[in-house]
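Number of protein chains: 2
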Amino acid sequence: MEAFKWGIIGPGSIANDFADDLKYVSRPQVITSVLSHREESAKAFAEKHTVPEYYTDINAFVSKRNFDAVYIATPHTLHYEQALTCLNAGIPVLCEKPLVINADQVRDLIHAAEINKCFLLEGMWIRFLPSINTVLELIEKDKIGKVISVKASMSYKAPRDEDNRYFNPELGGGSLLDLGIYPVFLSHLLLGKPAKITAAGKLSPDGVDETSAILFSYESGAHALLESSIITQSELSAEIAGDKGVIKIMSPWNEKPSAIILKEYARNEEEELPCEWVGRGFQYQVEEVIRCVEANEIYSNLYCHHFSLDIMETLDEVRRQLHVHYEKFE
Amino acid sequence: MEAFKWGIIGPGSIANDFADDLKYVSRPQVITSVLSHREESAKAFAEKHTVPEYYTDINAFVSKRNFDAVYIATPHTLHYEQALTCLNAGIPVLCEKPLVINADQVRDLIHAAEINKCFLLEGMWIRFLPSINTVLELIEKDKIGKVISVKASMSYKAPRDEDNRYFNPELGGGSLLDLGIYPVFLSHLLLGKPAKITAAGKLSPDGVDETSAILFSYESGAHALLESSIITQSELSAEIAGDKGVIKIMSPWNEKPSAIILKEYARNEEEELPCEWVGRGFQYQVEEVIRCVEANEIYSNLYCHHFSLDIMETLDEVRRQLHVHYEKFE
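Top line first, the protein sequences correspond to chains E and L.
Residue numbers for the first sequence follow the numbering used here, so the first one is 22 and each next one is one higher.
Residue numbers for the second sequence follow the numbering used here, so the first one is 22 and each next one is one higher.
Since the list gives no way to pick one copy over another, a pair counts as held whenever it fits inside one copy or between any two copies.
With a Cα cut of at most 30 Å, we get these calculated DSS-like pairs of lysine-lysine:
1. K277 / K265
2. K178 / K162
3. K167 / K178
4. K265 / K118
5. K217 / K178
6. K277 / K26
7. K178 / K214
8. K178 / K164
9. K164 / K217
10. K277 / K162
11. K284 / K265
12. K265 / K178
13. K164 / K265
14. K85 / K26
15. K284 / K162
In case anyone wonders, no lab produced these hints; they're calculated from the structure.
Sequences and hints are given; from them, build the entire structure.
If you want it as structure tokens, here you go:
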């Protein structure tokens, strides 16, 4: 079977993890081209992953187009221009989360995907993990009844140095877009778009959100209590409670959890569902990208364009309430 | 040493637990008198706990006054009249949480305590437990730095039968006053009165809150994410995150936790602090009541009148946002 060919934009640590996981995809995968604004980074990545071509200019990278799809793994303030350039060249795009930094930018990318009939997927890789599918199956099988409460936290104490993008407003820093998007994704996946959003947070002297705390309420009466932080480090678990039972995704819930625990109230015991897979788990997302690209679909129906838009509209509203504004980009 | 004498109002299951724990108090304790509107309940309790006198009429109970203090353990819609009657008779009062059902009633009781120079304490028994003191000591010792986030949940799937006070608006039902008061207490203890309160919830057909979800924000930038429910049953843990470390009070955080876990970010290990005591733990609260009554203090400075008022004002605001109104009593 012919190998599926990737171009990589932004050869940082995430791109390295992504490249490492390609060996676990059922169909052969190769990286044929890499782009970085720093030649030494592009070259180092090319050597490490045996990539024949590297570039520092996106137009040259796109013109040569020696790949079936690109994976964009740069800081998120760069995603918009890079994704737009690729979509307008008809190149299928898998772009790291957050897709871009506000809903207007998402709308532009969706429009570009539609007019160019070109695949676009936000790289919320955990959507495709067996752990998240297990949760969805348990809910589908009515193991916990109607979902009433989603609680999830994503906090990581980031080193406070000048190079750290987390504290840099010019790189779209703060906890929300990088980390808070995970719990926001989970609540949107399980409960949809909230009827009401309330947020609180703590800003850094530079005006990025060091913490965000979010309460969503839904017409059904359900709620979500979500949190992200770059100044604290708490247990990375998520709990989904229904009227018949409760699911706990053990730490780290947004990567490979130690387990998923199901407790049905009517049975006085807990069921522990293992979460095991090889590598970090990017292969599941890659399988979905290939399936869509081969079928000439412009979105994945597991994480469609409007789902990205819903999430970004929510993040915009949270940022509005927190008074976090990325002046350079908005 | 002469025994400290208790009168009990409302000999239900909590009063039984209270009575059982009296043997763990350093000074001898006796229950000399019990009051219930149902004679059979009063009599059964009197027999079980060797109580010489039982009553069905509060005026007779108060007039005889064969005790040093009363413990009120009736449903909370009855607390106001009973506590007021006792305070106006100059009888020291320990009254189960919630003290009453709204802030106006708290103000009346504080006024009665003040004009009668009579002790009054809301029975938030966990305030006096070694577990909560351990948390306060860790924070005092700066183990976790400045408190940034408090997350706590108290959910209990109550049987939905007609006798169940949890679903009965005429008994002040709902999750908030009975269960939600615990997480609200914890956040007030650690962070004070919130600058902003936002609540969401799910109401029963009878208009009591089956769930409440609360976001508090504070001037310092700290936040609290709190939850209570009578239709779900989730992990009863609490997590307090600071900029230097995090404390997790393991389940059941609001009773006798399996442990308290301290994690200092700078040290790459967890410290597990045991929580062990005999009985349920009412003895610690009782010791404080006796100390105050003997010293002729009208409040405990560990849980003063205005702390009860702050909490009740918060609960009033949450109820206002949830549209929960106890028509019969307000």
